[in-house]
Every structure is written in C-alpha cells, then in structure tokens.
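Each protein sequence line maps, in turn, to chains A and B. Just so we're aligned, residue 1 is where the first sequence starts under my numbering, counting upward by one. Just so we're aligned, residue 1001 is where the second sequence starts under my numbering, counting upward by one.
Misleading hints may appear alongside valid ones.
Said to hold, decoys possible - Simulated pairs of lysine to aspartate or glutamate, EDC-like, Cα-Cα distance not exceeding 20 Å:
id : chain 1 : residue 1 : chain 2 : residue 2
1  : B       : LYS1184   : A       : ASP71
2  : B       : LYS1010   : B       : ASP1059
3  : B       : LYS1060   : B       : ASP1115
4  : B       : LYS1184   : A       : ASP73
5  : A       : LYS201    : B       : ASP1149
6  : B       : LYS1201   : A       : ASP176
7  : B       : LYS1077   : A       : ASP176
8  : A       : LYS184    : B       : ASP1071
By construction, these hints were calculated from the structure, which means they are not laboratory data. On a predicted model such as this, the values are computed, not experimentally measured, just so you know.
Each chain, written out:
2 protein chains.
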Amino acid sequence: MENVKIIALKESILEDNDLDAQNLREELRARGTCLINLMAGPGSGKTTTLLSLIPHFRDKIRWGVMEADIDSDVDAKTMLAAGIPSVQLHTGGMCHLDADMTRQGIRALGDEDLDLIFLENIGNLVCPAEFDTGAAVNMTVLSVPEGDDKPVKYPLMYEKSDILVINKIDTLPVFDFDRDRVEKYARMRNPDVRIFYISAKNGEGVAELAAYLLQLAGSVTGKSR
Amino acid sequence: MENVKIIALKESILEDNDLDAQNLREELRARGTCLINLMAGPGSGKTTTLLSLIPHFRDKIRWGVMEADIDSDVDAKTMLAAGIPSVQLHTGGMCHLDADMTRQGIRALGDEDLDLIFLENIGNLVCPAEFDTGAAVNMTVLSVPEGDDKPVKYPLMYEKSDILVINKIDTLPVFDFDRDRVEKYARMRNPDVRIFYISAKNGEGVAELAAYLLQLAGSVTGKSR
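Here chain A stands alone, though its shape is the one from the complex (with noise of 0.2 Å):
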C-alpha cells in the first residue's frame, strides 16, 4: 500500500484568519474545487461516512481527502486503502484547523484538478466551529448514540452547520433519539440547515447524502454535473 503522507502542521501567522479564509474560498471557486469542512464529535463516524460516498461518486467527480487528527494516521490510511487519495494533517496537540493549515493539506494534498475536497477536522464539537477554515460550506456529523440533544450544548457547532447528517440510523431502536427533536433543536440553531439520516455502515440514506453533495459541489465550483 502506498505509505501515507503525513504533514506536520504549522502554526498560523496570521492575525487575520476570517480574510485569509475568505482568500482561500476564492482561490478554490477560481480553479474550480468545492472544499467542504467535516466536523463531529469523536467517534460519529466522519470516515465511515466519507468511505459510504466512494460508490455514489465513482466516475461521477474527482475527490479527495484531508484527515487532521492530533497524531494518529489511521484515517489516511483507512481512505487511501479505499483508493481516494489522503494526506494526513497532525495539527500537534491543536484543537481546531484555521485556513492556514487548511492551505498547507490543499497543497500537501497536491492535485489541483480535483473537484470536491473533504477536510475531516478535529473529533471535537467545539474548538473547529469558532475557525472559518476556507471551505464552501460546513458539514456536520451527529451520530444517534451520541443524543438528540447535541445541538442545545454545542451552539456554535450547530450554528455554523450548513448540512447536518445524522449517522447511525441503523441504531435507532437502541436508542432514544427523537428526529422531531434533534430537527427543532438544529433549526434553533441554523434555520436553513440540510438534515439527511444515513447508516454509513449499511448504505441507508446515502444516496441523498451524495446525489446533495454532488449538485453542491457543481454549483460551487460551476461545473455541471
């Protein structure tokens, strides 16, 4: 297997991170990539979800990853084994991504003809929300186990969530988790928020998910799918 690129990130200099953010979303519509940023609490299943997207978008568009995790690289290699090319981002012990270190992935990562760039931020529900990273828009991912109330607890997250997918579907009877709620709740938040219920494990919902992410993209990047 190919081994995985790990990129040791550095620090921003920046003092400006809403304007270099602003920058980077434009340079990425001027060469045609829609980025999005991928955040969730540990454990919800960011990868598994990316991984359940490779069949609905198999010669449909060019795509590609970027893991940022504190130090391990198992989801590089989890998506490069898959065949979707990943470099693996160690942000140290940081917390969160900014655009900054979102530039540094983008150019790790190589490949300016790609059309749709995933940025897995950290597993954590509140330090990524309060940095604008650069990308088209903001995915969020809420697994059942996790409880319907996450929304209520984690305002900025839920805030600035553009798309909001609840994973692990499959597991509601175990479970008590109301959709009524968990959509209320979100909507307090973010009123335009997209909400799609999938099981990353057994496929269900996801064709929504990515037929959604593949008009995105289109209309992001301008090219039609």
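Once you have looked at the hints, place chain B on chain A.
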C-alpha cells in the same frame, strides 16, 4: 423544582495553572473533599453515569456535582431533579476548565461538608486534558458506539485518565467494539489506568465502579468508609 444556579465562569488571571491546581488539590484534601474530574466526548453518558451512581452512594457519602457546559443548563437540572446538589458552570465559548474556574464552581456549590465532588468537564476529548483542574483523579467515560480506537486518536486525554469507564456496554452486540483492543490502547497511554465496564442505562457494572469510587474518596480524604 429548585432553580438551577448558573455560574458564568471568569477567565483565569493566574499564569501558573499547575501551581494553582496543586494548591486547590491540597486545600480540598485538607477540608476532606475528593474532587473527580469527569471527562469525555459529547454524548458518552457522563451525566447518566453520575445518575447511575445515586443509589450506590445513598447514605454512604455526601456528594455534589458541578456541570460545566458552553451554554445550556440541562445537566445541572437533571442532577438537581434527582436530588443531588449541583451547579451549572458556563464557560462562554471556552473548551476547557482550569483550576481557577474549578475553584469558582466549588465556591458556588458552597457546601464545605461534601465528601466527593464531580466536575463534569466540557464534552471534548482534546482541550480539557491539557489543564490540571486540581482534581484528585481524572475519570474518562468512553462509550461503546464511539469505538475502541479513541485512545489512539486522543493521546493526551488517555495519558491523563486514572479511571476509564467504558459505558453503554448494553450496546456491545450492535457495534464492532473489542474489549482487548481498547484495553491495549488505553494501557499504551497509561499502564496504570483502572478500567470499568458499565451500562449507566441498565445499571450493569455500576456497583463495582461505585464501590471503587467510595474507597477512593475515603483514601483521598482520609475518612474511612
């Protein structure tokens, strides 16, 4: 129901948190209170774990809870409704608590006669591990649905954990979670970690955890149980 006391924590002005934490630890020992810093990712079941301890602690120990959260007060409400002295600590947007913030919480809790206080830290596997709160021990909850690889991905949290509580073991049949693997990974980070398996929901394993915590509180405060 009693109103929830909500404390908006002030950011610490002290520069040496380690020294402040050591001082707080000594003060608590002197007054005969064992402080446990309870950490976990979002939705692991920290509050439910505390609720599950109630029948086991009844008439054996005087205890209270500080519930830290970005913004909400649902956890302190839950504990108060169950008859346990509780305060809600709000960090604003901050992703962790330090010793000075913990001290503000203990002051708000008020009762000097408590044998045991739990600090339910922010649901976050990154930042809380970086700050000594002054607790006698760190206890981390990992729930089965999050996966057995979390000690690989969040090294510092598991280095700092004296007690690891694996929660939601009633869902083991539904998830690919290997007990040998999680124990191997956790001991890589801290060879001396004490590991307990519980279902806070159905009570399985909670008696053993409660007995250990009672003994621990006794040994920290010098009071025999």
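A quick look at each hint next to the structure:
| no. | hint | in the structure |
| --- | --- | --- |
| 1 | B:LYS1184 / A:ASP71 | holds (18 Å) |
| 2 | B:LYS1010 / B:ASP1059 | violated (35 Å) |
| 3 | B:LYS1060 / B:ASP1115 | holds (10 Å) |
| 4 | B:LYS1184 / A:ASP73 | holds (18 Å) |
| 5 | A:LYS201 / B:ASP1149 | holds (17 Å) |
| 6 | B:LYS1201 / A:ASP176 | holds (11 Å) |
| 7 | B:LYS1077 / A:ASP176 | holds (19 Å) |
| 8 | A:LYS184 / B:ASP1071 | holds (17 Å) |
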